[in-house]
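Hey, can you work out the whole structure from these sequences and the hints?
Chains as they are written, first to last, in the working numbering: chain A, 13 to 342; chain B, 57 to 693; chain C, 3 to 202.
For the record, the hints were derived by calculation from the structure and aren't laboratory data. A couple of the hints might just be wrong.
Here are the simulated DSS-like cross-link-like pairs (lysine-lysine), alpha carbons at most 25 angstroms apart as the crow flies [as the list claims (entries may be wrong)]:
{"id": "1", "chain 1": "C", "residue 1": "Lys97", "chain 2": "B", "residue 2": "Lys686"}
{"id": "2", "chain 1": "A", "residue 1": "Lys243", "chain 2": "A", "residue 2": "Lys342"}
{"id": "3", "chain 1": "B", "residue 1": "Lys686", "chain 2": "C", "residue 2": "Lys94"}
{"id": "4", "chain 1": "A", "residue 1": "Lys163", "chain 2": "A", "residue 2": "Lys243"}
So these bits of chain B aren't anywhere near chain C, every CB distance computed over 10 angstroms [unchecked claim]:
{"id": "5", "residue": "Gly211"}
{"id": "6", "residue": "His319"}
{"id": "7", "residue": "Ala386"}
{"id": "8", "residue": "Ser550"}
{"id": "9", "residue": "Pro586"}
Virtual Cβ for every residue (Gly too), placed ideally from N, Cα, C.
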Amino acid sequence: MKTAAISLPLLLLLSGCGGVQSALDAHGQTAILLKSLIIFVVATCFVVWIIVMLVLIWSLMRRRDGQAADDRSLHRRITIAVSGAVAATALIISGLTIASFYTTRGLDPARDPDMTIRVRAQQWWWQFIYEDADPAQSFHTANEIHIPVGKAVRVRLESSDVIHSFWVPSLAGKQDLIPGRENVLTLRAERPGVYRGQCAEFCGLQHSHMALFVIAEDEESYRQWASAQRKEGLQPREPEIVAGKALFMARQCAACHTIRGTEASGTTGPDLTHIGSRHTIAAGLLENTRGSLAAWIADPQTLKPGNNMPIVPLSADELRQISAYMDSLK
Amino acid sequence: MTTERRSSAATDVDLDDAELDRQLDRTWAGRTSFWGAIAAVDHKVIARRYIVTAFVFLILGGMLALAMRIQLAQPEARFINADRYNQIFTMHGSNMMFLFAVPVMEAMAVYLVPLMVGTRNIAFPRLNAFSYWVFLAGGILLWISFALDTAPDVGWFAYVPLSGPEYGSGKRADVWAQMITFTELSALAVAVEIVVTVLKQRAPGMSLDRIPLLVWSMLVMAFVVIMAMPAIMFESSTLIMDRLVGTQFYNPAEGGDVLLWQHLFWFFGHPEVYIIFLPAVGMVSTILPTFVQRPIFGYLPVVMALIATGVLAFGLWVHHMFVIGLPRLAESFFTASSMAIAIPAGVQIFCWLATLWAGRPIFKTPLLFVIGFIITFVIGGLTGVMVASVPFDAQVHDTYFVVAHFHYVLIGGAVFPLIAGIYYWFPKMTGRMMSERLGQWSFWLIFVGFNLTFFPMHILGLQGMPRRIYTYQPEMPWGGLNLFISLSAVILFSGFLVFFIDVARSWSAGRPAGQNPWNASTLEWAMNSPPPPYNFRRIPVVDARDPLWCGSDELPVASGLRTDRRELLISSVVEALPEARESSPRDSVWPFWAAIATSIMLIWSIFSPWAIVWGSIPIAITLIGWFWPKGIAEDES
Amino acid sequence: MKEQPVLDVSKLPLHGMGIASPAWWGTCTFMLIEGSAFGLAIAVYFYLMSLAPHWPPDVPPPDLFAGTCLTVLLLASVVPNVLVSRWAQQRKLGKVRIGLVVMSLCGIAPLALRIFEFPAQHVNWDESAYGSIVWTILGLHTVHIITDLIDTLVLACLMFTRHGDNTRRYGDVEDNALYWNFVVIAWLPLYACIYWVPRL
Ligand code: HEA
Ligand code: HEA
Ligand code: CUA
Ligand SMILES: [Cu+2]
Numbered sequence: 013m014k015t016a017a018i019s020l021p022l023l024l025l026l027s028g029c030g031g032v033q034s035a036l037d038a039h040g041q042t043a044i045l046l047k048s049l050i051i052f053v054v055a056t057c058f059v060v061w062i063i064v065m066l067v068l069i070w071s072l073m074r075r076r077d078g079q080a081a082d083d084r085s086l087h088r089r090i091t092i093a094v095s096g097a098v099a100a101t102a103l104i105i106s107g108l109t110i111a112s113f114y115t116t117r118g119l120d121p122a123r124d125p126d127m128t129i130r131v132r133a134q135q136w137w138w139q140f141i142y143e144d145a146d147p148a149q150s151f152h153t154a155n156e157i158h159i160p161v162g163k164a165v166r167v168r169l170e171s172s173d174v175i176h177s178f179w180v181p182s183l184a185g186k187q188d189l190i191p192g193r194e195n196v197l198t199l200r201a202e203r204p205g206v207y208r209g210q211c212a213e214f215c216g217l218q219h220s221h222m223a224l225f226v227i228a229e230d231e232e233s234y235r236q237w238a239s240a241q242r243k244e245g246l247q248p249r250e251p252e253i254v255a256g257k258a259l260f261m262a263r264q265c266a267a268c269h270t271i272r273g274t275e276a277s278g279t280t281g282p283d284l285t286h287i288g289s290r291h292t293i294a295a296g297l298l299e300n301t302r303g304s305l306a307a308w309i310a311d312p313q314t315l316k317p318g319n320n321m322p323i324v325p326l327s328a329d330e331l332r333q334i335s336a337y338m339d340s341l342k
Numbered sequence: 057m058t059t060e061r062r063s064s065a066a067t068d069v070d071l072d073d074a075e076l077d078r079q080l081d082r083t084w085a086g087r088t089s090f091w092g093a094i095a096a097v098d099h100k101v102i103a104r105r106y107i108v109t110a111f112v113f114l115i116l117g118g119m120l121a122l123a124m125r126i127q128l129a130q131p132e133a134r135f136i137n138a139d140r141y142n143q144i145f146t147m148h149g150s151n152m153m154f155l156f157a158v159p160v161m162e163a164m165a166v167y168l169v170p171l172m173v174g175t176r177n178i179a180f181p182r183l184n185a186f187s188y189w190v191f192l193a194g195g196i197l198l199w200i201s202f203a204l205d206t207a208p209d210v211g212w213f214a215y216v217p218l219s220g221p222e223y224g225s226g227k228r229a230d231v232w233a234q235m236i237t238f239t240e241l242s243a244l245a246v247a248v249e250i251v252v253t254v255l256k257q258r259a260p261g262m263s264l265d266r267i268p269l270l271v272w273s274m275l276v277m278a279f280v281v282i283m284a285m286p287a288i289m290f291e292s293s294t295l296i297m298d299r300l301v302g303t304q305f306y307n308p309a310e311g312g313d314v315l316l317w318q319h320l321f322w323f324f325g326h327p328e329v330y331i332i333f334l335p336a337v338g339m340v341s342t343i344l345p346t347f348v349q350r351p352i353f354g355y356l357p358v359v360m361a362l363i364a365t366g367v368l369a370f371g372l373w374v375h376h377m378f379v380i381g382l383p384r385l386a387e388s389f390f391t392a393s394s395m396a397i398a399i400p401a402g403v404q405i406f407c408w409l410a411t412l413w414a415g416r417p418i419f420k421t422p423l424l425f426v427i428g429f430i431i432t433f434v435i436g437g438l439t440g441v442m443v444a445s446v447p448f449d450a451q452v453h454d455t456y457f458v459v460a461h462f463h464y465v466l467i468g469g470a471v472f473p474l475i476a477g478i479y480y481w482f483p484k485m486t487g488r489m490m491s492e493r494l495g496q497w498s499f500w501l502i503f504v505g506f507n508l509t510f511f512p513m514h515i516l517g518l519q520g521m522p523r524r525i526y527t528y529q530p531e532m533p534w535g536g537l538n539l540f541i542s543l544s545a546v547i548l549f550s551g552f553l554v555f556f557i558d559v560a561r562s563w564s565a566g567r568p569a570g571q572n573p574w575n576a577s578t579l580e581w582a583m584n585s586p587p588p589p590y591n592f593r594r595i596p597v598v599d600a601r602d603p604l605w606c607g608s609d610e611l612p613v614a615s616g617l618r619t620d621r622r623e624l625l626i627s628s629v630v631e632a633l634p635e636a637r638e639s640s641p642r643d644s645v646w647p648f649w650a651a652i653a654t655s656i657m658l659i660w661s662i663f664s665p666w667a668i669v670w671g672s673i674p675i676a677i678t679l680i681g682w683f684w685p686k687g688i689a690e691d692e693s
Numbered sequence: 003m004k005e006q007p008v009l010d011v012s013k014l015p016l017h018g019m020g021i022a023s024p025a026w027w028g029t030c031t032f033m034l035i036e037g038s039a040f041g042l043a044i045a046v047y048f049y050l051m052s053l054a055p056h057w058p059p060d061v062p063p064p065d066l067f068a069g070t071c072l073t074v075l076l077l078a079s080v081v082p083n084v085l086v087s088r089w090a091q092q093r094k095l096g097k098v099r100i101g102l103v104v105m106s107l108c109g110i111a112p113l114a115l116r117i118f119e120f121p122a123q124h125v126n127w128d129e130s131a132y133g134s135i136v137w138t139i140l141g142l143h144t145v146h147i148i149t150d151l152i153d154t155l156v157l158a159c160l161m162f163t164r165h166g167d168n169t170r171r172y173g174d175v176e177d178n179a180l181y182w183n184f185v186v187i188a189w190l191p192l193y194a195c196i197y198w199v200p201r202l
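Structure representation (structure tokens):
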């Protein structure tokens with residue numbers, strides 16, 4: 013299959029490898045299967061194109077001296093050539109259909125998953141719910157999930173407003189999240205790593221800024237992370253952070269965000285219980301630092317125009333305190 | 057019937073050519089005043105307006121594309137904000153599909169079909185005028201809303217719930233839906249005219265197996281319009297109802313379904329792309345033989361391929377919805393049916409190649425664009441076959457890979473043949489040749505610019521760049537290619553610029569063309585350029601598939617039509633045996649008023665359901681005025 | 003190009019009737035368009051039905067009386083309709099005049115019954131998707147009755163003017179009759195769908 017890779021456009025296509033969010037940079041079981049299908053189909057079609065082009069060039073350039081000696085036999089020869097080409101077309105598309113059929117079958121999600129994560133997409137961030145038979149053990153997070161390497165993780169996809177699409181190209185193909193319906197997708201990372209994904213269905217103003225990260229790690233790190241997430245939000249001691257916490261509860265923040273272990277239990281915005289432990293904020297918009305947290309809280313509408321978090325007027329001190337509190341929620 | 061009255065009426069039987077021309081001109085020519093122009097029903101006049109308007113929309117849509125390319129040239133650019141960008145790509149898509157591509161193809165049909173089948177005007181010429189005015193109103197509605205910053209911002213397929221009552225704020229989605237109603241109304245009207253013109257007004261002797269391929273493609277296109285457009289009319293109306301009077305079609309909480317929208321949309325939307333594509337291949341099949349001076353190889357297979365494409369078009373809409381969570385069986389079915397389209401497409405490609413092979417190519421601009429078409433359309437078709445595979449599509453759906461696919465098929469597959477067609481028929485339409493030198497320039501600029509612009513989008517798609525994003529972050533590896541694409545778009549733009557300059561110059565200063573500058577074989581080349589208002593002095597009689605290549609410089613014609621009223625021939629469906637003489641309506645301002653009344657009703661109904669009731673009254677009045685007999689010669693029987 | 007007359011068409015009629023008339027073909031094409039729309043409405047009905055746990059959702063099936071009366075009435079109207087068409091073909095002005103008046107009444111009567119059909123559904127258009135689709139189907143069909151009624155009324159007036167006795171007018175009457183047949187026939191599947199499918 014890969015022998016065709018010498019050709020220039022194909023090389024160009026394959027140079028798609030290596031991006032942070034690329035279908036050809038496959039590290040998940042599904043994505044690897046899809047990648048070989050993609051290469052196979054592209055190579056086949058490329059060969060078809062080359063043949064058609066060669067015939068085209070020949071038809072245009074061939075020398076035509078004398079000609080038309082015997083129009084009838086010429087006509088018959090062309091008829092045979094054209095019929096042969098049509099038959100070959102039928103054959104090739106049958107081959108491609110069968111190849112895609114078997115690839116889909118190879119992706120069968122029916123096998124028992126090792127764990128399940130529920131995803132609720134909303135304008136314009138991802139809510140992840142790690143469910144557990146024991147409700148006390150389940151927890152929420154946002155825009156970032158951790159999964160154990162080599163385990164089949166079933167992702168149950170729902171939407172609470174419009175249609176979104178869950179897509180982490182290095183791990184698997186995309187699947188829509190549709191209000192009033194539920195879809196599932198199985199992820200299985202073969203290698204540890206951070207895999208970026210992005211909402212792929214146009215969902216309004218900030219569709220461009222609706223990224224997520226999948227962090228695949230070995231089983232041990234995963235378990236540590238999960239048990240840390242199950243804990244309640246840290247109780248602050250430093251005076252700045254204590255003040256930040258009080259502010260958070262006093263201002264509108266608590267009406268929209270949940271911090272487990274405090275009275276903040278809003279559900280409009282992401283769960284912030286362990287916001288400090290996430291790599292990015294606002295669905296991949298900014299790297300998570302104290303500075304960017306402050307910038308976000310000070311003016312979310314400039315950074316991500318139209319998103320559903322309003323500007324909450326805060327003085328410079330208050331802003332510093334609140335962002336210190338956020339940062340402390342590891 | 058009233059055969060006895062015939063003797064009293066003037067017929068063309070004993071007239072010499074000059075006198076006949078004079079009499080026909082008196083009967084058929086429109087008035088040149090302002091109201092005369094409004095009242096015109098000559099298919100050539102209407103088609104010219106249609107084509108020019110559609111090209112204006114191409115320019116406007118192209119400007120929007122450039123705006124998007126400036127914004128995307130670098131990460132986190134601030135040239136256009138999110139809200140405006142969403143309006144712009146929605147406008148670009150809707151404008152290109154509904155105001156440019158479909159109308160321009162229908163306009164070409166309105167111009168060419170009556171000439172090619174050898175008749176004097178399209179069937180239902182007043183409906184034709186009406187359809188143009190409605191189309192114009194729809195376009196103006198969309199662009200005014202854009203100027204007022206209330207343009208639709210939900211994408212050209214306006215998925216619910218984003219466009220529904222809950223998330224689509226203001227009147228933006230309503231403007232989109234109503235613009236659809238306008239353009240579909242006009243498209244349906246044209247489709248009816250084409251069907252009846254082709255079936256009933258062909259020149260005597262033009263049996264089904266002698267119909268020019270362009271006419272076949274337009275006929276199939278018209279039937280596809282008739283079967284597909286009701287779906288989108290139904291859909292846009294129900295969307296407005298959901299938004300205005302609270303019906304629940306798309307609300308899952310009350311038993312509605314958001315996927316219903318997608319099924320309805322693509323049941324229309326997939327055939328829609330073949331509505332654009334079929335006329336284009338008809339043009340290729342007509343132009344290519346002229347430039348190798350040899351009849352097309354495989355007339356019958358090509359006709360069958362056209363019909364097969366039209367039929368299959370209704371069996372693969374779900375391939376736009378491969379990631380909604382389909383049952384396995386449906387996935388396989390729609391993969392297979394989508395790929396099956398490669399067979400009729402292949403048949404046509406192979407027949408064209410065979411024709412090229414067997415003939416002697418003359419490398420004039422139209423042929424260059426046809427060759428460019430073959431090269432790029434095969435790429436676009438093959439990427440179509442790629443995305444038709446469900447697992448493949450799971451990775452590239454809603455990415456720039458799909459954007460690349462559809463620009464390859466839309467521009468490479470439809471706009472290239474269209475430009476070839478403009479170069480080819482411009483002499484007929486205006487009586488003047490376009491410049492060969494500028495033509496070659498525009499071809500190379502467009503061909504190179506196009507490929508440089510759109511080929512890298514495949515790679516972007518595989519690299520994970522979703523479509524419809526107004527910006528991306530610097531850490532994504534997309535900046536370089538995007539900049540490259542935006543720069544290449546400038547080459548593409550300049551190619552179009554050369555083309556438009558050529559059109560503008562040649563229109564007034566081109567070399568006179570004569571009747572048949574390309575030595576083509578079809579009937580539209582049998583009269584002067586531009587054609588007189590009555591098209592044919594006498595209706596031709598056809599006894600071959602390529603009537604002008606019969607080796608004789610005499611055209612067999614029919615005589616006996618009246619000259620004191622607008623009269624043309626009706627012939628039978630299969631054999632095209634003459635059945636009756638029929639009058640063709642005179643100019644009338646009523647279609648214009650009917651279009652105004654319709655526009656008022658449609659726009660008003662965005663705001664109030666009562667518009668349907670009260671707005672219908674003026675429509676009824678104008679329609680009665682339109683159809684009420686005036687007791688003129690055309691009314692005789 | 004020089005022209006060589008090979009065919010004389012001056013003996014042909016000045017206006018075609020039936021399948022030789024573009025208007026007839028135009029009417030058929032419009033019927034195809036509207037037939038597609040009705041077909042689609044039915045498809046949507048069944049699609050929504052396939053999603054719903056109960057059908058009709060939480061309301062009794064529609065009352066049969068008004069809808070059935072209307073169906074009978076429409077079917078009965080086919081008789082005068084066919085007669086008018088035949089008279090038009092025979093160019094009997096007097097009979098056509100009477101026939102058109104009768105057909106105008108045949109257009110008004112179903113509208114009166116239609117008024118009772120909407121409440122007979124036991125559901126409003128904005129209560130559920132079920133309500134929306136049945137109201138839409140009824141509305142769509144009502145629009146067709148109204149358009150044909152107006153067409154009939156205008157034609158009836160025309161036939162009483164000096165323009166009446168003209169093959170073209172007779173052709174219009176025939177096309178109008180054809181269209182009314184379509185309105186009647188299209189109603190039958192819609193009727194079955196609205197009134198009987200919920201009872202299955
Ligand atoms: C003119 C318009 C046009 C044409 C002709 C086509 C042609 C085809 N298209 Fe395309 N398509 C669009 C316009 C068009 N499309 C648009 C606008 C969209 C996007 C809408 C949106 O989302 O905004 C789209 C999207 C689209 C999708 C959905 C992708 C997605 O959203 O994820 C799919 C999936 O199957 C598809 C498939 C095809 C196929 C199989 C063909 C076939 O008809 C192609 C057949 C042609 C060939 C195959 C080449 C010639 C054949 C040969 C040389 C023979 C040899 C070939 C083989 C052996 C394979 N198209
Ligand atoms: C026939 C249809 C058609 C055509 C011709 C084009 C033409 C172009 N399109 Fe279009 N495009 C679509 C149909 C089309 N597009 C559709 C359906 C979508 C999807 C929308 C959606 O997602 O909803 C889309 C989306 C789309 C996107 C993706 C946007 C996004 O997802 O965010 C992009 C991005 O680059 C793009 C670019 C271009 C470019 C650069 C051109 C160029 O070819 C344009 C070339 C330039 C011109 C044609 C202008 C020429 C004008 C002059 C030279 C001026 C002369 C001046 C005078 C005479 C006064 N298009
Ligand atoms: Cu969510 Cu796009
Ligand atoms: Cu399609």
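Results for each hint:
1. Proximity of C/Lys97 to B/Lys686 is assessed by CA-CA distance (about 24 angstroms); at most 25 angstroms being required, the pair is judged to hold.
2. About 10 angstroms separates the Cα atoms of A/Lys243 and A/Lys342, which keeps this hinted pair within 25 angstroms; it holds.
3. Our distance criterion of 25 angstroms between C-alpha atoms is met by B/Lys686 and C/Lys94, whose separation comes to about 22 angstroms.
4. The straight-line distance between the Cα atoms of A/Lys163 and A/Lys243 is roughly 24 angstroms, inside the 25 angstroms bound, and the hint therefore holds.
5. Taking the minimum C-beta to C-beta distance to chain C, about 22 angstroms, the non-interface status of B/Gly211 holds against the 10 angstroms cut.
6. Taking the minimum C-beta to C-beta distance to chain C, about 7 angstroms, the non-interface status of B/His319 is violated against the 10 angstroms cut.
7. Under the 10 angstroms C-beta cut-off, the non-interface status given to B/Ala386 relative to chain C holds; the minimum distance is some 14 angstroms.
8. The claim that B/Ser550 lies off the interface holds: its Cβ sits roughly 41 angstroms from the closest Cβ of chain C, which is beyond the 10 angstroms cut-off.
9. Against the 10 angstroms criterion, B/Pro586 stays outside the reach of chain C, whose nearest CB is about 16 angstroms from its own CB.
The structure does not agree with numbered hint 6 stated previously, though it agrees with all others.
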